[in-house]
Structures are given as C-alpha cells and as structure tokens.
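Starting from the known structure of chain F, arrange chain G on it as the hints suggest.
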Amino acid sequence: MEFLLYFGGVFEPLALALLIGGTIGGLILGATPGLSPTMAVALLIPFTFHLTPTQGLILLGAAYTSTVAGGAVSAILLKIPGAPANIATALDGNAMAKKGEGARALHLSFMASGVGGIIGVLLLIFLTPVLAQWALKFGPSHLFWIAILGVTVIGSLDSKSFVKGLLSGCIGLWLSQIGYDDIQGAERFVFFDALSGGITIIPALIGLFAIPQVLDMFAKGRMSAAIESIEVPKYKILDSLKEVVSSVRALSIGTVIGSIIGLIPGVGGQIAGLVAYDQARNFSPHREKFGTGHPEGVIAAESANNAMVGPSLVPLLTLSIPGSPTAAVLLGGLLIHGIFPGSDIFDKHPEVVWTFINSMLLGQILMVIIGIYTAAWAARIAKAPIPILAAAVLVLALFGSYSVSQSMGDVQIMLVLGVGMYILEKFGFSAAPLVLGLILGPIASDYFTNGSMIATAQDGPWVYFFTGPLNIILVALVIASIGYSFWTNMLRSNFVDDKEVAQ
Amino acid sequence: MKTFLKTALLGATALTLMASMSLAADYPDRPIGVEVSYGAGGATDFQARIVTIPAGNEDILGQPIYILNKPGAGGRKGWNWFATEAAADGYMMSAYNVPHFIAQGIKGGVKYDADSFEPIANWGADPAVVIVGKDSKFSSMADLIAYATENPGKATTSGAGLFVGHHIAALQIEKACACKLAYIPTKGGGAAAMKAVIAGETLAGINNLSDAARAASAGNVKILAVADLERHAFLPDVPTLKESGLDVDNASVNFRGLMVPKDTPQDVIDKLATQVPKMFAHKRVTQKMKQTNSPVKIMDRAAVQAMWAERKATLTELLKGL
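Just so you know, the protein sequences line up as chains F and G, in that order. In terms of this note's numbering, the first sequence opens at residue 11 and continues consecutively. In terms of this note's numbering, the second sequence opens at residue 18 and continues consecutively.
Simulated from the structure, these hints should not be mistaken for lab results. Errors might be hidden in some of the hints.
Straight-line C-alpha distance at most 25 Å; calculated PhoX-like pairs for lysine-lysine [unchecked claim]:
(1) G/K154 - F/K147
(2) F/K108 - F/K252
(3) G/K154 - F/K358
(4) G/K329 - G/K124
(5) G/K151 - F/K147
(6) F/K170 - F/K299
(7) F/K358 - G/K151
(8) G/K192 - G/K171
(9) G/K307 - G/K124
(10) G/K307 - G/K329
(11) F/K147 - G/K192
(12) F/K147 - G/K204
To list a few chain G residues with every Cβ distance to chain F over 12 Å, as calculated [what the hints assert, rightly or not]:
(13) Y55
(14) Q80
(15) A193
(16) S234
(17) A250
(18) Q283
(19) K288
(20) P294
(21) V313
(22) A326
(23) K329
(24) L335
Partial chain G-side listing against chain F, Cβ under 7 Å, derived [as the list claims (entries may be wrong)]:
(25) Y83
(26) K87
(27) A90
(28) A195
(29) K197
(30) A199
(31) P202
(32) K204
Beta carbons are placed, not taken as given, at the ideal position from N, Cα and C, and that holds for glycine.
The shape of chain F in the complex, shown without the other chains:
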C-alpha cells in the first residue's frame, strides 16, 4: 500500500496540470494517424528537460496511457488504426461507427480501456517482484512458440471463410519477410528501392485498413449523386456504462490476455488486442456478430491494449530492460533525470517511481472522463458527406504514412498495399489476418534464428525448442488451438452449410 503515501504528489497544482495536459495531448497525438505511442512519448521527452524528474514522469506516464487509448479514436471513426494495438478495435468499432453508433463505440472503448488500464497498473503496483521473474522466463524458444500460437488463430480472425483467412495470413507472413533480416542482415525480396527497409508496420496498417474504404467511398459517391449521411443519435453515458459492466466476459478476457502479453518482453502490445479479440469471439455465444459492429469486440480489444501498459513496465522498472519500444523511450526519460531503474529503484527513488505509477492510475481515469466528453462531438464525423470524408481520410493516410519516417517509400508501400487489399476484399479476403501475419512473421522467424543459434551451441534444436515445462505448455496450446480451429471452422461449418442447404 506504499503507493497511497505518494498520491499527494500527483495532486500538486503543477503535477495535476501536467497530468491533464499530458492526457489531452496524448489523446490527440494517439488519434493522429501515423503517430504511434512510441513516437508520441519520444516527442514529449524534450519537454521534460525543464521539469523535475517526478513532474517529467507524470507527463510521460499520462501521455503513454492516453496515446494507447487515443489510437482507438481514429480506428473507430476513420478505420485508421493509430498503432498495431488498435487493429482489433477497428474491426467492430468502425462497423459500429458506420451504423451511426460511433459515440457508443467510443464510450465503450474508453471505459474498457480504463478498466483494463487500471487493472494493469494495479498488477504493476502489487506484483512487480513476482512478475519480474516471470518476464525473464521467456527466452527465444518460448517467444517463437508464442508467435506460432498467434499464427494458429490467423485463419479464424475476422474472415467469413477459414481458407481465405489462412491465405491472407500467408500473404502477410510473406510480406513480413521483405527487407533486411534483423539478425543476419541479409536482404530478401527487395525488388525495388522503396522495399529495402522492409514493410514498416504503421504505413502498412494505414494502407490495408484505410485505403480500401476510401476506394469504396469514392465508388459509392460515383453511383449516387445525392450526398448521403447517417444520423448520429446521442448515447447516454449511463447506458454505455451499464453495457460495459454487463460485458464481464469480454472485459475479463481482454484484461487477462493484455496483462499477460504485456509482460512478455519482445512481443509487446502489438498483438494483445488481436489475440484478445479472437479469444473473446471464441468464448462468445454471439460468435457470428463479431465483425458486424458487435460491442464485445471493441471492449475486448481496448481492455487488452490498455491492460498491457502497466505490466509492460515491469521489466523496465525492475531489470532496466525495456520490454517494448515505448518502454525504451520511457527508459530514456528516466535516465535523463539521473534515475537508473533496477531492483532497488523502489527504495532509492520511491517518490519518483510511485508518483509515476500513481499518475498512470489517475491518468486512466482522466482519460476515460476526457475521452467520453469528446466522444459525442467526435462521433459527428460520421455525419460528414461521404465524398468529403473519403478525401479527408485519404489526406490523413498520406500524411500519416509519410510522417512515420519522412519517407516517400513508405507512402508508396501504403498505397500499393491499400489498392491490393481493395482488390482482395472484393474476393472476400480481409485485412486483419494479413496484418497479424505481417506482425508475427518477423517475431517467429527472428526468434527461430536466434533460438537455433543458441541451440546449435548447446544440445541441438530438438532439446532447445521442445523440452522444459514452458515449451511443452506452449506446444500443447499450439496443438490445441490448431485442433480447435480445425474442428470449429472446417467440420462445424460444413455441418452448418448442410443444414442451410436443407432449409
């Protein structure tokens, strides 16, 4: 309960102002396409030079939590995921927004983020020493199996057809191998210069999600001269609150998966949302509603990606090892004030660390309040006439993919992938499994290379990848997951088809 002693620090006038400013700024930066939480926090670090360590960290902590949630705004309203963490949010969230339920989707997403986020930070507060040991247990072989476990859900993710899901997953895995191999440094599939750096994830996300819908909007605009727009009814905050509370299943699946994945260094929050989304669907009685604007999808995805924030800082604070790119930037923010994380940080600088953690806790609550306040206003974006909206999304897509590293190559990649995805969508393929392949490909291949190099020096790959309790558990999960998706998607769907035919 030591953290309660330091709560006073958060309520000092300047600290509170920084907290509110950081939260609002974080929401705006997070909602800007192309600005990932990592970049947002990096941008804020120079501002902390003029502050005390505690104040600086309050700003960074508030910004980190709210940028992750802010990414949901553009994912829901524009179908441009702000960061990989928000991909799953775009699936049902944008479908809801298209039905005019944008405000409801935003309410749910902020509330779910808040619940997941608070539980994640509480884990950080109470279980740090235990969790630190747990985080160290994941070596290259385990991370490889986790990536493979992710690959096993590709087929069932947001696809009407299992086979088409697998095929788009394969395309994603192949695309992920383009460019330099991170470990060996060999060039692969680089047919022209823009590809030499590989496919950067954020431009790819923007292209795969935003461009097909822009093309769809333009196509629609040509067909009817009348400018159509949808009604955006107001949503009562209380109703949304009731809905979140009643979706215990999605909320707890999201929070648990987000916390566990956040803890594993090297996997990070990129896949937390997608895995939680897939699991929430598997356990839901309304499986078929996912992807059509089902609130549970938004709740699971958003609670997962914010639950990951707290635990992802465990390896950073106790072992000085950043578990994610954003944590690496935060490490810089700590170092610059002469604070060196390590197992003794809670004894040496309690006022700094606890105030930082408290500010994330309070930041979650502020984020929910501010987010909900702006939701009704932001959701009116759906009222914009479709041609205008399409043009705006296109501009944001171009701006976002260029701003990642000021490179026209990224813009070209974004456009090519977007047009390709538009064609694939016409044939019933969907973007989510492709993106999951794109994210998991490098994790699986690099940790396999890494692991097999260690294995060759030790007892060989069989022993290294298949023995030890954690490996065996993960391999069992992989087999179970393959068996489960085979059963549900191949056998059961055939059965359903027969019945439909009989009717």
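Relative to chain F, chain G alone:
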C-alpha cells in the same frame, strides 16, 4: 518572345546562382534534421537528443535540430537512406556509429562505406564490455576463455547484432585466445542482449559499457573486462582485455558522432565542423551526459577522419577471413 524567354532563363539562372551563393552565408536558415539509424529510446537516439539540445543558441547554429528515426536491420536501413536519398545541403545530418557502419560497408550488401559520408564531429565513445549473469560460474575473463577453449563453440555470447561493436569485440577475443565462442546476435539490440545474459539464455554477453555499468550496479550482471586500451572511469576496478591477457585493442569501441552526405558543400561542412564541437561541449550537454552515465568523447573533424581511416584498415584486416 524568344528574347523574353532567354531573359527569363538568364534571370532564373542568376537567381539560382545567387541562391546557392547565399546558401552558405545564411546557413542554416531553417531547422536541421539528424537521422538516427536506431529506434527511439536506444542509446544512440537518446544521446543524439541530448547533444543537440543547444543547437538553437545563437552562438552555436541558431537553428534547432530535430531527430528523425529510421531504425531497422542494425542501422543498415537508415544509413542506406542517408547515403542515397538524403539531401546533401547541410539540412540533414546523420548520427554515425563506428565501427558499425564501416564494418557493414566492408562486408557489403549495403549502399555505403566509410567514403560515402563526411564526418563533422564525435560526441561519445562507449566501449564494449564482457558480462556474465550475477550467479555465473565465471568470475574472470580467464574462466570464460578456459571454458571456451575446452568447449569450442559452446560459450554462447549475446550481442546487439552482426558487424556492430559487440560482434567486432567477440571476433577480436576469438582471434586473441585462438578459441571459439558462439556469438548470438539478438533481435532487439543491446537491451535484448542484456536480457539474454540476465535471464541465463546465454552464458555470457558483450554489451555497452554504459548499460552494463547500470545493470552491474543494480546487481544483475558481473562485468569481466573492458574492450578498450585503458580502464574506464565508470568502472575503475574492471580490467581491460589486454590486462586479462588477451591482445584486443579499442577497435570495437562504439564511437558516436554526426556526419553529412559526401556531396555537401565544403563551406557548410566547415561551418558545422567549427560549430558542432562547441555544441557538444556546451555546459547543459555535458551535465546531462554525466547525469545519464553516457561516456563523452569530443573529437573534431580532423580527428574523426583519422579515426575512421584507422578503423577501416583494422576492420578490413579483421573481417577478411569471414
């Protein structure tokens, strides 16, 4: 009409000429970028952000410097971009890491080598150190080498990647002891390589002195030796590799500084070469670098040119057999 066009053309040429003449005199008249080939939060990025703080001061450059991250493939992605696409007008600099980019240039597969860039100045030097986990059975370099000699290719040693300082240090150690380590380049740079040692995934590791000093003071690792010519002020009790009986020089020391593309106008280079060392030596920079345990080593353009040439010769020799 023709004469009009001619005049217009002449006028345009004159204007461009004037523009290019005034370029050097007014340089810089807008913010300058620094491309960093590693991710935000890494040691190079972090230090680049510190050393460029005072750029906007009137007595330094009078214009702020912003950081542009282009991470990927151990720096290859960023430096490829810098060598082929960056404008050579002084408005885009890059942070270099020696020996990384020189070694990559020698190994090939990239679009640059040491001659593709012009150095401006050096701000830091971070030697490589050999580390083992806190409970490791090895407590000196001799123990580790004895193990590697008895078990060739079994002494797993993590490092940030291939052909970076850590790898060069591993190659030099192997050459000096005539034994064989198992160098394991990790995904995720120095932080992941450090984690591999702390978690016991590898028996030993090679890492940056600044990061290792932090991990050692937190009690997570033991530092066996420094790959430099002299002991380091941060770690006065840790012997150099030479003192440990291994003939390893300072070729693996990670030098960090700023450079510009080859075709940058000479007067722009001259201006940067006089002003940038002042920026590195600024009181606010040295104070922040000290606070963050980042080892400072300021070298002017001539000294960096000499250092690059020397490294190129050593590395060409070392990497010949590979």
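Results for each hint:
As the CA atoms of G/K154 and F/K147 are separated by approximately 20 Å, the hinted pair is consistent with the 25 Å bound. Proximity of F/K108 to F/K252 is assessed by CA-CA distance (about 22 Å); at most 25 Å being required, the pair is judged to hold. For the given pair, G/K154 sits about 29 Å from F/K358 by alpha-carbon distance, which is inconsistent with the 25 Å threshold. A hinted pair counts as satisfied when its Cα atoms are at most 25 Å apart, and G/K329 with G/K124 qualifies at roughly 11 Å.
About 16 Å separates the Cα atoms of G/K151 and F/K147, which keeps this hinted pair within 25 Å; it holds. With a CA separation close to 11 Å, the supplied pair F/K170 and F/K299 stays within the 25 Å bound. A C-alpha spacing of about 21 Å is found between F/K358 and G/K151, which places the hinted pair at or below 25 Å, so the restraint holds. Only pairs whose Cα atoms come within 25 Å are accepted, and G/K192 paired with G/K171 is accepted, the gap being roughly 16 Å.
With a C-alpha separation of about 35 Å, the suggested pair G/K307 and G/K124 falls outside the 25 Å cut-off, and the hint is violated. Taking the CA atoms of G/K307 and G/K329, the gap is about 30 Å. The hint is violated against a cut of 25 Å. A distance of roughly 33 Å separates the Cα atoms of F/K147 and G/K192; the hinted pair therefore is violated under the 25 Å criterion. A threshold of 25 Å between alpha carbons decides the hint, and for F/K147 with G/K204 the separation of about 17 Å falls inside it, so the pair holds.
Not every C-beta of chain F lies more than 12 Å from that of G/Y55, the closest at about 10 Å, which undercuts listing it as non-interface. The Cβ of G/Q80 lies farther than 12 Å from every Cβ of chain F, with a closest approach of about 15 Å, so its non-interface assignment holds. No Cβ of chain F approaches the Cβ of G/A193 within 12 Å, the least distance being about 20 Å, so the stated non-interface status holds. Under the 12 Å C-beta cut-off, the non-interface status given to G/S234 relative to chain F is violated; the minimum distance is some 7 Å.
Every CB of chain F lies more than 12 Å from the CB of G/A250, the least distance being 17 Å, so the non-interface label holds. Non-interface status of G/Q283 relative to chain F is upheld: no Cβ of that chain comes within 12 Å, the nearest being about 26 Å off. No beta-carbon of chain F comes within 12 Å of the beta-carbon of G/K288; the shortest separation is about 24 Å. Listed as outside the interface, G/P294 is consistent with that label: its C-beta sits roughly 22 Å from the nearest C-beta of chain F, beyond the 12 Å cut-off.
Residue-level check passed: G/V313 sits 15 Å from the nearest beta carbon of chain F, beyond 12 Å. No beta-carbon of chain F is positioned within 12 Å of the beta-carbon of G/A326; the least distance is around 24 Å. Under the 12 Å C-beta cut-off, the non-interface status given to G/K329 relative to chain F holds; the minimum distance is some 19 Å. Taking the minimum C-beta to C-beta distance to chain F, about 17 Å, the non-interface status of G/L335 holds against the 12 Å cut.
Nearest Cβ of chain F to the Cβ of G/Y83: about 10 Å, over the 7 Å cut. The hint is violated. With a least beta-carbon distance of about 5 Å to chain F, the hint placing G/K87 at the interface is held under the 7 Å criterion. Below 7 Å, beta-carbon pairs count as interface contacts, and G/A90 has one with chain F at about 3 Å; its hint therefore holds. With a least beta-carbon distance of about 18 Å to chain F, the hint placing G/A195 at the interface is violated under the 7 Å criterion.
With its C-beta approaching chain F no nearer than about 10 Å, G/K197 sits outside the 7 Å limit, and its interface hint is violated. Below 7 Å, beta-carbon pairs count as interface contacts, and G/A199 has one with chain F at about 3 Å; its hint therefore holds. Below 7 Å, beta-carbon pairs count as interface contacts, and G/P202 has one with chain F at about 5 Å; its hint therefore holds. Annotation: G/K204 was flagged as interfacial toward chain F, and the flag holds, the nearest CB pair being 4 Å apart, inside 7 Å.
Hint compliance for this structure: hints 3, 9, 10, 11, 13, 16, 25, 28, 29 are broken, all remaining hints hold.
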